[in-house]
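Enquirer: Use the sequences and the hints to build the structure in full.
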Amino acid sequence: MPRVDLPEIRLPFASRINPHQDAATRSSNAWLESMGLVNRDVRRTLDSGRFFELAARVYPDAQARGLQQMINLITWIFLLDDELDQGVLKDQVTPAQALLERLLRQFSSPHDAPAPKPGIEQSGCALFASISEGLSPHGQRRFFQDIRDYFDSTLKEIEARAAGEVPDLLAFVQVRRYTGATQLMFSGGEAANRAEVPEGFCRSRIFQALQDSANDVVVLVNDIFSHGKESHGGEINNYVVVCQHHLELSLREAMDFVNRLVTSRVHTFELAREKLPLFIGQQRYSDAERKAIEQYIAMLESWMSGNLAWSLRTPRYHDTSLTQESPQ
Numbered sequence: 008m009p010r011v012d013l014p015e016i017r018l019p020f021a022s023r024i025n026p027h028q029d030a031a032t033r034s035s036n037a038w039l040e041s042m043g044l045v046n047r048d049v050r051r052t053l054d055s056g057r058f059f060e061l062a063a064r065v066y067p068d069a070q071a072r073g074l075q076q077m078i079n080l081i082t083w084i085f086l087l088d089d090e091l092d093q094g095v096l097k098d099q100v101t102p103a104q105a106l107l108e109r110l111l112r113q114f115s116s117p118h119d120a121p122a123p124k125p126g127i128e129q130s131g132c133a134l135f136a137s138i139s140e141g142l143s144p145h146g147q148r149r150f151f152q153d154i155r156d157y158f159d160s161t162l163k164e165i166e167a168r169a170a171g172e173v174p175d176l177l178a179f180v181q182v183r184r185y186t187g188a189t190q191l192m193f194s195g196g197e198a199a200n201r202a203e204v205p206e207g208f209c210r211s212r213i214f215q216a217l218q219d220s221a222n223d224v225v226v227l228v229n230d231i232f233s234h235g236k237e238s239h240g241g242e243i244n245n246y247v248v249v250c251q252h253h254l255e256l257s258l259r260e261a262m263d264f265v266n267r268l269v270t271s272r273v274h275t276f277e278l279a280r281e282k283l284p285l286f287i288g289q290q291r292y293s294d295a296e297r298k299a300i301e302q303y304i305a306m307l308e309s310w311m312s313g314n315l316a317w318s319l320r321t322p323r324y325h326d327t328s329l330t331q332e333s334p335q
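Per the numbering used here, residue 8 is the first one in the sequence shown, and the count goes up by one each step.
These are computed hints drawn from the structure, not numbers from a lab.
In this text, a Cβ means the ideal position worked out from N, Cα and C, and glycines have one as well.
The calculated DSBU-like cross-link candidates involving lysine-lysine, where the alpha carbons are at most 35 Å apart (straight line), are:
# : residue 1 : residue 2
1 : K236      : K124
2 : K282      : K298
3 : K97       : K163
4 : K236      : K97
5 : K124      : K163
6 : K124      : K97
7 : K163      : K236
Label-pair distances were calculated between CB atoms; the ranges are:
#  : residue 1 : residue 2 : range
8  : P19       : R210      : 27 to 33 Å
9  : I213      : I24       : 25 to 31 Å
10 : Q70       : E108      : 33 to 39 Å
11 : G171      : E301      : 44 to 50 Å
12 : A133      : S55       : 23 to 29 Å
13 : K236      : E108      : 27 to 33 Å
14 : G43       : R201      : 25 to 31 Å
Expert: Structure follows, in structure tokens:
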């Protein structure tokens with residue numbers, strides 16, 4: 008059958024690697040071991056995922072401690088995601104919902120929630136408490152809301168998988184923004200970089216435009232690279248699959264269409280960024296707040312470029328071409 012090469016994705020942002028990568032990775036490995044998260048299968052996932060490299064590329068300016076937290080967070084999210092996407096819970100709505108609700112209770116009300124079980128629950132509680140310590144009360148509320156949105160959207164994907172129905176395209180756009188956990192990674196990055204953006208800025212339209220467009224770029228790129236791996240498992244919660252199905256495209260056409268969406272969202276991000284100096288000049292932000300905003304925008308750019316650079320290298324998405332379903 009014909010082969011379909013991955014499209015060439017171009018992003019106008021440089022990718023940098025955090026100089027603390029090696030030290031932070033060693034500390035993270037020790038933490039993962041101490042939390043009882045590492046067995047033979049998990050070690051295989053970690054080796055193929057190279058999540059430490061992803062973290063080092065998307066948080067190039069974090070100090071060693073902050074970078075370690077983000078390696079922990081990214082690894083934890085990927086392990087949970089694999090359990091919910093590929094494990095026994097991938098189409099089991101009731102037990103998946105019970106797990107996610109239990110985690111939310113443990114994160115929000117640890118004294119009233121059931122004691123966390125070893126592994127995902129204990130490590131998640133320790134991790135989210137540690138990250139929250141670096142945020143203001145407002146930042147903590149946003150961080151927790153991002154966790155809730157991630158869990159809620161993940162459950163919607165499980166429901167779609169259980170029903171065996173390709174999601175509606177417009178509804179999928181909203182759900183996919185959260186199931187990639189990118190939003191959660193952005194707010195966690197504020198703690199890692201010790202640069203929390205002002206509360207007022209978070210309510211602005213320009214903040215939403217910058218955040219949403221960067222988020223979309225990350226998940227669109229992810230779905231292009233992960234399609235080969237996911238299609239073998241029958242995954243339907245993927246931009247390529249959803250666009251191919253609803254727009255009646257070939258696989259080649261769907262790949263190219265999603266890649267054009269990447270370009271479009273990058274353009275939206277750049278337009279919003281161009282308006283940022285004027286917007287900031289009209290506000291009464293302190294020098295520290297202005298610097299935090301600048302660091303946040305730089306982090307969004309690093310997320311877009313770093314995720315692409317990592318996706319090109321990680322054995323997790325080792326397939327460089329995909330088999331088309333029918334000859335064109």
